[in-house]
Each structure stands twice: as C-alpha cells, then as structure tokens.
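J.: Protein sequences appear in the order of chains G and Z.
Each residue of the first sequence is one higher than the last, beginning at 1 in my numbering.
Each residue of the second sequence is one higher than the last, beginning at 1 in my numbering.
Wrong hints could be hidden among the right ones.
Identical copies carry no separate label here, and so any pair may be met within one copy or between two of them.
[Stated by the list, open to error] Result set (DSSO-like, lysine-lysine): computed pairs, CA atoms no more than 27 Å apart in a straight line:
| # | residue 1 | residue 2 |
| --- | --- | --- |
| 1 | K70 | K180 |
| 2 | K25 | K180 |
| 3 | K185 | K124 |
| 4 | K180 | K124 |
| 5 | K124 | K25 |
| 6 | K25 | K157 |
Bear in mind the hints are in silico, worked out from the structure with no lab data behind them.
Number of protein chains: 2
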Amino acid sequence: MARGRPRQFDEDEALTGAMLLFWEKGLSATSLDDLAIAMNMNRPSIYNAFGNKDAIYRKSLARFCGQLDKGMQETLDASTSVDVGLNAFFEQAIEVYCGSNPQMGCLMICTAPSEAVSNPEVGKDLKDLISRLDVGLSQRLARAQRNGEISVDLQPKLTAKLLQATLQTIALRARTGEPKASLRKLARYAVKTLVH
Amino acid sequence: MARGRPRQFDEDEALTGAMLLFWEKGLSATSLDDLAIAMNMNRPSIYNAFGNKDAIYRKSLARFCGQLDKGMQETLDASTSVDVGLNAFFEQAIEVYCGSNPQMGCLMICTAPSEAVSNPEVGKDLKDLISRLDVGLSQRLARAQRNGEISVDLQPKLTAKLLQATLQTIALRARTGEPKASLRKLARYAVKTLVH
DNA sequence: CTTATTTTATGCGAAATAATACAAAAAAGA
DNA sequence: TCTTTTTTGTATTATTTCGCATAAAATAAG
Numbered sequence: 001m002a003r004g005r006p007r008q009f010d011e012d013e014a015l016t017g018a019m020l021l022f023w024e025k026g027l028s029a030t031s032l033d034d035l036a037i038a039m040n041m042n043r044p045s046i047y048n049a050f051g052n053k054d055a056i057y058r059k060s061l062a063r064f065c066g067q068l069d070k071g072m073q074e075t076l077d078a079s080t081s082v083d084v085g086l087n088a089f090f091e092q093a094i095e096v097y098c099g100s101n102p103q104m105g106c107l108m109i110c111t112a113p114s115e116a117v118s119n120p121e122v123g124k125d126l127k128d129l130i131s132r133l134d135v136g137l138s139q140r141l142a143r144a145q146r147n148g149e150i151s152v153d154l155q156p157k158l159t160a161k162l163l164q165a166t167l168q169t170i171a172l173r174a175r176t177g178e179p180k181a182s183l184r185k186l187a188r189y190a191v192k193t194l195v196h
Numbered sequence: 001m002a003r004g005r006p007r008q009f010d011e012d013e014a015l016t017g018a019m020l021l022f023w024e025k026g027l028s029a030t031s032l033d034d035l036a037i038a039m040n041m042n043r044p045s046i047y048n049a050f051g052n053k054d055a056i057y058r059k060s061l062a063r064f065c066g067q068l069d070k071g072m073q074e075t076l077d078a079s080t081s082v083d084v085g086l087n088a089f090f091e092q093a094i095e096v097y098c099g100s101n102p103q104m105g106c107l108m109i110c111t112a113p114s115e116a117v118s119n120p121e122v123g124k125d126l127k128d129l130i131s132r133l134d135v136g137l138s139q140r141l142a143r144a145q146r147n148g149e150i151s152v153d154l155q156p157k158l159t160a161k162l163l164q165a166t167l168q169t170i171a172l173r174a175r176t177g178e179p180k181a182s183l184r185k186l187a188r189y190a191v192k193t194l195v196h
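Build out the structure end to end from the sequences listed, making use of the hints.
T.: Right under this line is the structure:
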C-alpha cells in the first residue's frame with residue numbers, strides 16, 4: 001500500500017503552520033497564498049489534503065481546543081485539591097497565551113467570535129468549546145464539594161462559568177500584551193475568591 | 001457657509017450602518033462594497049467622508065465604546081449601592097449584546113481581538129477600552145470600600161478585572177446564542193460572589 | 001516493464017476588491 | 001451671472017484571491 005507518489009509535506013507540521021497563521025491573523029484576513037507559504041505547500045496540494053480555507057481553520061481550531069481541553073482534564077484530575085489544580089490549569093493556559101512574541105492569547109477566543117455570526121459552523125465550534133470547559137470545571141467543583149473541600153453554598157455550574165470568564169479575560173488581555181505576572185496574579189485571586 | 005453641494009447622507013446614520021455590518025462580520029470579512037450598501041453611500045463618498053476601511057472600523061469602535069463607557073459611568077455613579085449599580089450595568093450590557101437577531105455580543109470584544117495582532121492600532125483601541133473599564137469599575141469599588149459598604153479585604157483592582165471578565169464572557173456567550181435569562185443569572189451570581 | 005494511483009507544480013481564469021480619476025451636479029458667494 | 005467649493009456617480013485600473021485544470025513526477029502493484 002501507499003500507492004501513489006509519496007507526500008512531500010508532513011501533515012502535522014503543515015497544520016501547525018496553518019494554525020499559527022490563523023492564530024495571528026484570524027480566518028478572514030488569512031489568504032490561501034499566505035497559508036501556502038506557512039504550510040510549505042502549494043495551493044492545489046492544500047485543497048487536496050485539507051479542503052478549503054474554512055476546513056483548514058476548523059481543523060486548526062479542533063486541534064488547539066483538543067489540547068486545551070485535554071490539558072484541563074488532566075490537570076484537574078491529577079490534583080488532589082481543587083485550588084491547586086485550578087491554579088496549575090491557569091498557569092498552563094498563561095504559558096500558551098503568552099508563549100509567542102507578540103503574545104497571541106487563545107486561538108478560539110481571540111479569532112473565532114468575529115466569524116461566528118456569518119459562519120455558523122465556527123459559531124458551533126466556539127459554543128462547543130465553551131460548553132466543554134463549563135462541564136469540565138463544573139464537574140471538578142462538584143467533586144470537591146462532595147469531598148467537603150469547598151462550601152455547599154457554592155454553585156458549581158455558575159462558578160465554573162466565572163472561572164471560564166477568568167480564562168477568557170486572560171486570553172484577551174494576553175492578546176493586548178498584558179504581562180504574564182499580572183495575569184498570574186489575576187488567576188490566583190480568581191481561584192481564591194471564587195472557590196472557597 | 002456650507003459652501004459646496006450638500007451631503008446626501010447623514011453622517012450619523014451612515015456610521016451606524018457601518019457599525020452594524022462590522023459588528024456582524026468583523027473588519028476583515030467586510031468589503032467596501034458591503035459597506036457602501038450598508039452606509040447608503042457610494043465608495044468615493046465613503047473615502048471622502050471617512051477615509052479607508054480601517055478608519056471607518058475604528059470610528060465605529062470609538063462610538064460603540066464611548067456609549068458603553070458612558071453607560072457604565074452613569075449607571076455606577078447614579079446608584080447609591082454598588083451591587084445595585086453593577087447589576088444595572090450588566091443588565092444594560094445584556095440588552096445590547098442580545099438586542100439583535102441573531103445575537104451579536106460586543107463589537108469590541110467579539111471582533112477586535114482577531115485584528116489586534118496584525119493591526120496594532122486596533123490592538124490599542126482594545127487595550128484602551130479594557131483599561132477604561134478596569135478603572136471605572138475599580139474606582140466604584142474603592143468608593144464603596146471607603147463607605148464601608150464592602151469589605152476591606154476585597155482588592156478593588158483585581159475584583160474590577162473579574163467583573164470585566166464577567167462582562168466579557170457575557171459578550172462571548174451572547175454571540176454563541178446563550179439566552180438572556182442565563183446571562184442575567186450569571187451576572188447576578190458574579191456580583192453576589194465577587195462583591196461583598 | 002507496464003499500469004494504476006497519488007502527489008506535485010505550473011499556471012489559468014473568473015470574480016472580488018481597494019482605491020482613484022474625472023466630469024457632472026448642487027449649493028454659496030461675489 | 002459667474003466663480004468657487006464640495007459632493008455625487010460612473011467608470012477604470014491594478015491587485016488580490018479563490019479554486020481548479022492539466023500535465024509531470026514519483027511510487028507500488030501486476
């Protein structure tokens with residue numbers, strides 16, 4: 001098997017290049033010529049391997065969110081105490097959001113909303129990520145509540161949304177250049193204030 | 001005075017039309033042809049009156065943010081108690097963010113971030129709005145603290161950021177179609193939890 | 001060696017897009 | 001009435017962009 005001419009590009013590397021470009025410029029401002037350079041492929045090969053621009057963008061989103069989601073689940077599950085887990089999760093996110101120069105925040109939160117109205121599939125991708133994070137955070141809070149680690153007065157679903165709000169503001173602020181230290185301080189205050 | 005041929009368009013209405021279009025599609029996905037229709041002007045007149053696409057977008061942002069900022073200041077100043085003021089402010093914002101069909105969230109938070117890296121001026125507009133809201137909220141909290149209305153343990157600047165995080169998540173969630181009632185509930189819980 | 005299969009690379013063509021040139025139109029002032 | 005000023009509308013140009021057609025290249029199977 002592997003019948004025809006072998007591929008010259010690495011699918012993973014190409015998608016990474018595409019993702020980085022979308023992360024910087026968003027969907028609409030990115031052209032296929034830009035993508036061809038970033039993916040180190042020519043346009044016909046791109047169409048053949050990935051489909052049109054929307055499809056590449058959504059595949060980039062899917063990979064990015066998969067990592068984010070997985071990181072959250074693993075970090076929250078691994079930790080015995082909620083607040084330690086949450087702080088570790090925010091720490092991870094801050095590293096990603098501030099990990100380039102200039103800082104680019106979150107691929108989904110910073111680039112998908114502008115497309116979400118005119119492109120309902122992107123809207124759905126955004127909605128799904130928000131929902132998954134709500135669920136993951138909420139379940140961890142509920143577990144902590146059952147363990148007696150946090151107050152029964154706390155409402156897990158609403159608190160989860162406020163924790164995600166913290167994650168989102170960190171993403172947005174990172175994109176405006178706000179320094180890591182400032183974001184860390186905010187994250188720790190959020191955990192301390194919201195989870196008790 | 002008013003020397004030459006009178007304008008056939010109303011500057012305010014034209015800018016409103018442009019703003020609505022940018023709000024729906026973002027900066028990059030909006031063409032000047034679309035704008036010409038939405039503003040009820042022909043392209044040369046647009047260039048003459050407003051400048052290029054970036055300039056029209058930034059004028060739309062400025063007007064939108066001016067109203068948001070003013071609404072916040074007035075609502076927070078008018079109320080004697082902080083929590084009532086904050087709840088009223090969130091209520092206003094929710095009406096704006098969910099006021100169309102489909103819901104479009106916040107013009108700035110939902111469309112500017114995707115442009116902010118490649119267009120530093122837009123990045124600055126975003127940063128400035130975030131900063132102004134931080135300051136406005138923080139000052140109101142500090143006042144309440146001096147009045148003995150809220151605890152001295154509360155950190156006004158950090159709490160202000162968490163309140164803005166709440167505003168931002170409401171904007172993003174509104175854009176994914178989350179219902180008003182759900183957003184209201186979140187806003188009230190945020191005020192209750194964060195401001196004590 | 002021949003055939004089938006898949007990818008690559010050049011390049012084309014249609015459509016969209018940004019921005020401007022230019023003359024006609026519409027007003028005020030001399 | 002004639003000039004000046006500003007806006008309007010048609011048209012044009014140059015560029016970008018998307019998506020695909022086509023043929024060459026590179027491999028496996030028969």
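J.: Each hint should be assessed against the structure and marked as holding or not.
T.: Results of checking the hints against the structure:
Proximity of K70 and K180 under a CA criterion of 27 Å is satisfied intra-copy only: 22 Å inside one chain copy versus 30 Å between copies. Within a single copy, K25 and K180 get their C-alpha atoms as close as 22 Å, which meets the 27 Å cut-off; across copies the closest is 31 Å, which misses it. For the homomeric pair K185 and K124, the shortest alpha-carbon distance between copies (23 Å) is at most 27 Å, but the shortest distance inside one copy (32 Å) is not. Taking the shortest alpha-carbon separations for K180 and K124, only the inter-copy value of 18 Å comes in at or below 27 Å, while the best intra-copy value is 30 Å.
For the homomeric pair K124 and K25, the shortest alpha-carbon distances inside one copy (20 Å) and between copies (16 Å) are both at most 27 Å. In this assembly of identical chains, the alpha carbons of K25 and K157 never lie at most 27 Å apart, being 33 Å within a copy and 31 Å across copies at closest.
Comparing the model with each earlier hint shows a violation of hint 6 alone; every other hint is respected.
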